[in-house]
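**Student:** Given the structure of chain S, go ahead and fit chain W onto it with the hints provided.
Heads up: the sequence lines are chains S and W, in that order. When we follow numbering that gives the first Met the number 0, the leftmost residue of the first sequence carries the number 0, and every step to the right adds one. When we follow numbering that gives the first Met the number 0, the leftmost residue of the second sequence carries the number 0, and every step to the right adds one.
One or more of the hints may lead you astray.
You can't tell identical chains apart in this list, so a pair holds if it fits in one copy or across any two.
[As the list claims (entries may be wrong)] When the alpha-carbon atoms are kept at most 25 angstroms apart in a straight line, the in silico DSS-like pairs for lysine-lysine are as follows:
hint: 1; residue 1: 345; residue 2: 326
hint: 2; residue 1: 194; residue 2: 82
hint: 3; residue 1: 324; residue 2: 102
hint: 4; residue 1: 485; residue 2: 183
hint: 5; residue 1: 194; residue 2: 345
hint: 6; residue 1: 324; residue 2: 276
hint: 7; residue 1: 194; residue 2: 326
hint: 8; residue 1: 220; residue 2: 102
hint: 9; residue 1: 102; residue 2: 347
hint: 10; residue 1: 113; residue 2: 102
hint: 11; residue 1: 26; residue 2: 339
Honestly, the hints are just simulated from the structure, not real lab data. Here the structure is a predicted model, which is why all the values come from computation and not from measurement.
If you want the building blocks of each chain, they are given just below.
Number of protein chains: 2
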Amino acid sequence: MPQVSIALAPGDGIGPEIMNATLDLMKAAGVHDHVEFVPVEMGAAVFAKGNTRGMTAEAISKTEDCGILFKGPMGTPSGGGGKSINVTARKLWNAYANFRTFKTLPGVETVYSKAGIHVDFSIVRENIEDTYGGVEHRLSNDTIQCKRLISAPGCDEVHRFAFQTARIMGLKKVHCGHKANIMKMTDGLFLERFKTAGKDFPEIETGDVIVDALCLNLVVKPQQYQMIVLPNLQGDIVSDLCAGLVGGLGFAPSANIGNHISIFEAVHGTAPDIAGKGIGNPTSLILSGLMMLRHICLVKEAANLENALLATLESGAHTGDFGDKSKPTLNTQQFVDAIKSNLGNKPKTVPAVPVPAGNTQTFTRPPRPNGQQVIRTFKNLVTHVVGCDIYLDSPLAPISLAEEMNRCAEDTPFRLTLISNRGTQVWPTGSVYTECVDYYRVRFELKDGVVAGSFGQSRCVSLMDKIAEKFTVCSYELLRTFEGVKGYSMAQGQ
Amino acid sequence: MPQVSIALAPGDGIGPEIMNATLDLMKAAGVHDHVEFVPVEMGAAVFAKGNTRGMTAEAISKTEDCGILFKGPMGTPSGGGGKSINVTARKLWNAYANFRTFKTLPGVETVYSKAGIHVDFSIVRENIEDTYGGVEHRLSNDTIQCKRLISAPGCDEVHRFAFQTARIMGLKKVHCGHKANIMKMTDGLFLERFKTAGKDFPEIETGDVIVDALCLNLVVKPQQYQMIVLPNLQGDIVSDLCAGLVGGLGFAPSANIGNHISIFEAVHGTAPDIAGKGIGNPTSLILSGLMMLRHICLVKEAANLENALLATLESGAHTGDFGDKSKPTLNTQQFVDAIKSNLGNKPKTVPAVPVPAGNTQTFTRPPRPNGQQVIRTFKNLVTHVVGCDIYLDSPLAPISLAEEMNRCAEDTPFRLTLISNRGTQVWPTGSVYTECVDYYRVRFELKDGVVAGSFGQSRCVSLMDKIAEKFTVCSYELLRTFEGVKGYSMAQGQ
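Bound-form chain S, shown alone (with noise of 0.2 angstroms):
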């Protein structure tokens, strides 16, 4: 009697033919027993009906009703206006932590393994903040703007996974990576609250790496991390990147999870060109499945799937796009029934993982929510306005747009602080050198004396409506004291 249902989503490609391995692969293991496959409709077929999502309402039903979605390779059509299925599914569900493995296993030649280097890390990469809302602005003929946003709350939803899935595997350190020595305030608020969850897991250290560094040390001596979690364009640079040390995204499992509804991938192409031939390689999709065996509490099936693969491949066994080429190459059904036929053996040249006697846990899920919830951190704080950042489409020089503007601060509480350019002061002080484009700053703060607190924000926009008598006004943003905490940056040269 199944426990567990499963929303099954075959992909496109090669998809269908590694999905059916995979699934037999995983009956043999007693998978069947514990869990119900639930086909739902995704992917090229749903695109060329003009579904621009590529998943039918169907679909999205039905994997809500699951919690659980494992799907094989899936392509997004260029042209049309197809949205990747990838993107829309993480986004749709809130699975926040995209969570990847990286293992060198045996008989995968890749450049570390001949210089003897065994890699074995995880990361988890925050999937829905960062600039991946792709909220995007042309603010001036010349200049385009995207949003980075970070959240407290939705870097706390991260962290607490990553330490907590360390937790379970027993990792004994953590890295944060991050570009918090530029991006002080949305970095350095990843970082601070990875410090701040860090404590309520004593038993793990945990450490920083600016993210330019991390990559030099990861190609250089990627056996120095355990764990390692990051914003999302970041994290989705260093997976790719780590996927190349244990050799290609052919190898290397993917999750996406949220708090209702995770996802298991494979993360490579569709492999057109050898699509129906039977011969595409089922590792990267097996190993997503070994995550999602763990993730339902399948424990024991998912060690002993896991010690047959690496027994496997370490006999030699290979599809066509890797391994040892003077051993024969199996196509997909004949690779899976190599594993099938080493279930309950183990590996000899790599360390096998422990099999327990049965699984303690079962798996649960949080009830449905009735409408979307609101995740807050920080409530109740104290804040101030003392100003606002008016952004002006213009190609005036700096000097002649300071006069237009402390005209107009002239009957305010405000004065004219800043004019920026790209992030450059360039007033009241600036250099010669600095070339600018036709999108200003110009920031206006407290006179001396006014004290921050005397009025809310409604003369900032008497102020915006004044500029915006002669200039363009592209954006504002209002500055405030965060219990009396400046809640903005300064300019470079301010």
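**Tutor:** Below, chain W without anything else, positioned relative to chain S:
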């Protein structure tokens, strides 16, 4: 009689030692017949005097007079408000292109050299824009924003530099790395301007690659690239990754190129643990010096020096941080003496650099500008106001917010078309699984029948004023069309 003056900042830690050795080597190669080095005060000693820029006013003015700065490694003091000299210098002098070459060196063992992979390519990184403006605002208790800006003229400058450099180097193909599949407008602009710039260099093939795939490719098969041009953050990450491929920052030179002032520097650390012992490795600084000599048209001297360096490394000469330990370790001066003794020799195991009979060009620089220049690409486009995005600091649920916003828009030309949270649509439709933070975007667009262009921005400001009576408006963006094309993105799910 020197034709070129170069401002010289030896740096901190091992900086003075490796700089002295590098200058000694350059003198032996005849560089001092053409160059006068002008010492300038930058670094730890200047920070220690309370100067948060780490460079004296005299150093700034001398560097501006010279137009070239050659600098050793410098740290940024932690605490005390000191700012990175590297970042300040790039911004202050608009050194918009970071140019770095990565080449496998004989005698420098790496994971890749062990695998028989020869690395030889360049990265050009945009140096001014992206999130490096450091424009950050706390918009609510829980949410912080960093502006990512990409401008057309900023892109044009860096792409033109890349193609011109590729032409001089005789490269056949230049790639653009980007994340335009996610940041469709900003990185879309970066990619579009790349393609446009490439049209002026018909002999050079162009290609583009998404940055995560690029990192995977670089780790698996770096020899497939000749030159890659990238936006600032992505370029920062990728170029440090690439330094790892050739043995680390100690073997990777760096130049920051501007129209008026260019900076050639060692990007590695100051190695305080070995400072003063005379044992630091000058290779990175020497390589950066070679870039500088080529920049000032001393091509012959650079070629001679590079051949001598390669011949020396090939012989097994090494400082303590690298090389064949069965051969004696040299100190900094001994290492440079070995290179001097190889002047006129050529390497045998790797290709020698062609040495021209003489230098055919002279270095010239444009006159000092009178004030900041406004650089422009697109002018006089027809723009129409079509609405605004208003951002609210509010923990309300989307449905309650929608009621309030609809009421505010009643007597205006606008209607509420969207509420999104972290880029995902939550109204008029949305998933109950989307978790919201305390910061919403509400989008107002023209009511049916209202013609774009029939009014300016004032109606938007009035609407914002009305909303600000009841809600904290933390941010605002004007929505416009440019030549009939929407200058703003849709939300995920819209």
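**Student:** Each hint should be assessed against the structure and marked as holding or not.
**Tutor:** Outcome of the hint check:
In this homomeric assembly, residue 345 and residue 326 come within 25 angstroms of each other (Cα to Cα) only inside a single copy, at 21 angstroms, whereas the closest approach across copies is 45 angstroms. With identical chains, the CA atoms of residue 194 and residue 82 are at most 25 angstroms apart between copies only, with a shortest distance of 24 angstroms across copies and 36 angstroms within one. With identical chains, the CA atoms of residue 324 and residue 102 are at most 25 angstroms apart within one copy only, with a shortest distance of 22 angstroms there and 31 angstroms across copies. Taking CA atoms no more than 25 angstroms apart as the test, residue 485 paired with residue 183 passes inside one copy only; the shortest distance there is 13 angstroms, against 32 angstroms between copies.
Proximity of residue 194 to residue 345 under the C-alpha cut-off of 25 angstroms is found in neither arrangement, the shortest distances being 39 angstroms within a copy and 53 angstroms between copies. In this homomeric assembly, residue 324 and residue 276 come within 25 angstroms of each other (Cα to Cα) only inside a single copy, at 19 angstroms, whereas the closest approach across copies is 52 angstroms. Proximity of residue 194 to residue 326 under the C-alpha cut-off of 25 angstroms is found in neither arrangement, the shortest distances being 49 angstroms within a copy and 45 angstroms between copies. Taking CA atoms no more than 25 angstroms apart as the test, residue 220 paired with residue 102 passes in both settings, with 14 angstroms inside one copy and 19 angstroms between copies.
In the homo-oligomer, the alpha carbons of residue 102 and residue 347 lie at most 25 angstroms apart inside one protomer (16 angstroms), although the nearest pairing across protomers, at 39 angstroms, exceeds that limit. In this homomeric assembly, residue 113 and residue 102 come within 25 angstroms of each other (Cα to Cα) both inside a single copy, at 15 angstroms, and across copies, at 21 angstroms. Proximity of residue 26 and residue 339 under a CA criterion of 25 angstroms is satisfied intra-copy only: 10 angstroms inside one chain copy versus 70 angstroms between copies.
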